[in-house]
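> Dock chains G and B against the given chain C, drawing on the hints supplied.
Protein chains in written order, with my numbering: chain C, 1 to 276; chain G, 1 to 419; chain B, 1 to 376.
Honestly, I wouldn't trust all of these hints.
[What the hints assert, rightly or not] Only pairs whose alpha carbons sit at most 30 Å apart, straight line, appear in this in silico DSS-like list of lysine-lysine: (1) B:Lys195 - B:Lys92; (2) B:Lys86 - B:Lys146; (3) G:Lys32 - B:Lys86; (4) B:Lys83 - B:Lys184; (5) B:Lys184 - B:Lys86; (6) B:Lys171 - B:Lys92; (7) C:Lys105 - G:Lys333; (8) B:Lys92 - G:Lys32; (9) B:Lys92 - B:Lys146.
Just so you know, these hints were derived from the structure itself, not from any lab.
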Amino acid sequence: MSMSGAVLPSQRHFRRLLFLVLGLVLTFLILPLFIILPLSFTDSRILTFPPTGWSDQWYVTFFTDDAWLVPLKNSLIVGGFTTVIATVLGTLAALGLVRAEFRGKALIMALLISPMVVPIVITAVGLFFFYAWLGVVGTYFSLILGHTVLAMPFVVITVSAALQGFDRTLLRAGSSLGGRPFFVFFHVTLPLILPAVVAGAIFAFATSFDEVVVALFLATPEQRTLPRQIFAGIRENISPTIAAAATVLILVSIVMMGTMEYLRRRSERLRGVRPS
Amino acid sequence: MAENDGAGRRSVDDGYGQDLKRELRQAERQEKRRAIGLLLPALLLVAITFLAPIGLYLYRAIDNAIMPELMPQTTAALAAWDGAGLPPDAAYDALLADLAAGKETQALGRLARRLNYSRTGFRELVLGTGRNLAAVEARPAREALVEIDPRWGQNEWWATIKQESGAITPFYLLASLDLERAPTGEIERVAPEQALYVLLFIRTFWISACVTALCFLLGYPTAYALSLLPARITNLLMILVMIPFWTSILVRTMAWAIMLQESGPVNGALLWAGIIAEPLPLMFNRAGVLIAMTHVLLPFFILPLYSVMKAIPAAQTRAASSLGAHPLLVFCKVYFPQTVPGVAAGALLVFILALGYYITPAIVGGQDDQMVSYFIALFTNQTINWGQAAALGAWLLIATFVLFALYSRLVGLGKMRLA
Amino acid sequence: MQQRETPPPAQAGQARPEGFVRFADVQKTFDGETLVVRDLDLDIRQGEFLTMLGPSGSGKTTTLMMLAGFEVPTRGDISLQGKSIKDLPPHKRDIGVVFQNYALFPHMTVEENVGFPLLARRRPKAEIAMRAAAALEMVRLGGFGKRRPQELSGGQQQRVALARALVFEPKLVLMDEPLGALDKQLREHMQLEIKHLHARLGITIVYVTHDQDEALTMSDRIAVFSNGRIQQLATPRQLYEEPANVFVAGFIGENNQLAGTVVAAEAGGCRIRTSDGSEVGATAVDPLAAGQGVLLSIRPESVAVGLRATGRQNRVSARLLELIYHGDHVRLRTALGGSQDFMIKVPRSEIDGVPSVGETVTVGWDRRDCRAFLAG
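So here's chain C without its partners, still in its complex pose (with noise of 0.2 Å):
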């Protein structure tokens, strides 16, 4: 550490104390995600650890399989619809309350969150009595507009942080320089927020990719999405499969989280222009 020389000894065995608190807690953290790699690599047909021997069978099974196909294929599909429609609805709300000041805008942009802090079963159920009135559960339809719901706060959440660092004046001097509203939008104001877009976007996709509990509710077995299919799994019977289905999802996080610190980065570098 670059700082422990100039400290004095009782500090540097609190130090010392702080460093080992944090290993563990990071060791926590992470471990149990760890543990799953070796698991699905196993060539025994249950769980145990330390695996006896090594087969790539289950990643087979999971590639090959229309009991795991199927629900990759619904998860991408619900993602990808969720995730451009809460993207595009998100983003202009986003733009909706940065423009006015207006009274009712809090409890506005708190309706707006609460899909996130409402327990997940209150909102699964309520949308399953809903559909089933309207005689639409069971369908792709229902779980896009559950999923998209509970995806949305986290793109207004994204892009309205980013539309509150951004410097007004640049709309000004697009329009000054003779852009009408629509080419300034265009060229100015979405290129820049776009990370946060994207960001948005990301968070969205994610969101619909690991969500369970509104799929249980609402999707029959042909809507099955990848995490219902592993919930089910837990819940019959463990089998490696479910860890070679759980280690895709943590790659398929990590690219994310990826992409998210990329975008971070360089609009980071972008920011750096504003003169104070």
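Frame of chain C, contents of chains G and B only:
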């Protein structure tokens, strides 16, 4: 200059004043209309696919339309009854007619189940009476019914029907708090052996509080240590916090289900190290629930707290030390108070999220570790007591909203950031 | 960008250099209560460099923003070349604006920034590239086109902003404290550069600043703003030498102010008794009558000391309290005419005549350098 100011003010007020204000308001209104136009699609979506379903669902907590529907005559006949003694003959006639109609349409089972919620024994009473309706023949209804089942000659069964005869009822909401209405209309506690839900709520809050406390105990030193390290190292270590944050809750819970099995890695390691002689039971109990939920929610505590700590300039603690304060005093008086908003925000968020947990306790918890959400799902899917499920949901939602309002006041929703 | 050696002839029928831009009875309020700009009447001539100068909150920036179209006057009219532009949105005004922090688009290259106004006007690609390159050449940034704004220094960014505001050959260019973010040396350099561009292109520039040196060195005319009003509109020289009121006298340059009473009013002048009893002659700015209270304003550099005071129209004795050395000149703080901090500026070459601290010495100034304003 001051005089000038006054003159300026006057010229706005007389003649122009009202016009000006109206024009300003008009311009503002136009901006507002545009803003609301942009918000409208999202608001409509939330209203139609979130608010309306939840609102309609929660209405089930007080919905009692089944009684006027299945006992139209009885409820009407009992309207005039004062509740003392036994109802008039007309009520017996009405009951007979309603039961006969219910038998015809095969709705008797629903009615029996509904009344049985309010008073145990009603199921058998209604169904048994229904089976023996043929024995009534041409006798007066009162005589026949009491003969089929003497309970029709007791006040309390009639009182329950009268009490639950409205189209809406507080019954489920009260029952969710282990309360009921006495025949006199007063609200009182249910018998101790029937009390169930208060304990469930206490358990839910207790588990959430324990998880929040664990997040604080583990998260505070972690965030502090991360804030002390050079940015390069912190960025690397942050990945270890971010990967779980991004990984599906289901996957993480499953990982713990594997980790905590009797033959799982945790027990394996402890046995190998000689710390224990027998495998510890870690799954399907409280320990498993607390470990897994803390794991899932810990990043929500660490991330906001870290950014609060990062913003505290190192010069402050140095200044305090140079002024002669002992490191412990510096921490207590200078550093910790500045992190309190971050701690409060993180703790509140963890607590709110924990309250609604379902998946994690359902997978790693035992029967006594299930939280409110589990019973909502259970009553909806399996035991089919939708009114009770909705009432539990209503109370859970109220608790969540109160805390969420507190959170938004504390943090400000406009300042909310993700990661 | 094709250089315009001479101002282009104004559009047929609109040849009215006097009223190129005209504010007529303009008023602006944001809250319906307080006026930020009040009773503004202002004519801007074609081809001139007009500066709006004033402290912050004086209404100058609001006036500029109304001209650019970002704010709407709550009363009155603004016209450009005789046509009202009050209801024209900014993007239809063809007015170039240089913003305080440049407002360069961070996601575009320098070239794309400069080409933006031409892209917005749907010019062909080849023309955009050519004109953007020429505009960058004009601000001596040829070869910087592919860079991003944040890779340039403050001065370079400033010049990109300038090129961007000029590339579409606007009739009028507005500049809102464009040099505020630069350090002193660079600022003085850019002042000259902007001034030369103005002379070369013959465009009309309306410039906002709170820096009086900048205003004095760059402008053809200066409008001094205070409290939402134009206090004086004049050439730099008139403004400095003949301020119209106490505010302008105090705001532009350094000034000594002495309180006094009118003894006698004469044609174009007056005799004033200062609070310590001495009597001096002054130029009356406002119409004065005997017995009225006045404020005298005398610039530190118009006061002569010792022998050099001989022959000046007003001569009084002053006690030297403090001597402050400034390199090229010396400042004397003196007690004079009832004031304890009457400043006198003596050039380094005349330093030999200065007495030492504590001594009393005769100082003098001419009547035209002493202006009397009605007090209150």
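> Taking the hints in turn, state whether each one holds.
Consistency of the hints with the structure:
Using a Cα cut-off of 30 Å, the hinted pair Lys195 (chain B) and Lys92 (chain B) holds, with the two alpha carbons roughly 27 Å apart. In summary, the hint linking Lys86 (chain B) to Lys146 (chain B) is not supported, as the alpha carbons are separated by about 38 Å, beyond the 30 Å threshold. Taking the CA atoms of Lys32 (chain G) and Lys86 (chain B), the gap is near 22 Å; set against the 30 Å cutoff, the hint holds. As the CA atoms of Lys83 (chain B) and Lys184 (chain B) are separated by approximately 40 Å, the hinted pair breaks the 30 Å bound.
For the proposed pair Lys184 (chain B) and Lys86 (chain B), the alpha carbon gap of about 37 Å is over 30 Å, so the pair is violated. Proximity of Lys171 (chain B) to Lys92 (chain B) is assessed by CA-CA distance (about 12 Å); at most 30 Å being required, the pair is judged to hold. Straight-line distance between C-alpha atoms of Lys105 (chain C) and Lys333 (chain G) comes to about 37 Å, which puts the hinted pair past the 30 Å bound. Under the criterion of a C-alpha separation no larger than 30 Å, the hint pairing Lys92 (chain B) with Lys32 (chain G) is consistent with the structure, at around 24 Å.
With a CA separation close to 29 Å, the supplied pair Lys92 (chain B) and Lys146 (chain B) stays within the 30 Å bound.
The structure shown violates the earlier hints numbered 2, 4, 5, 7.
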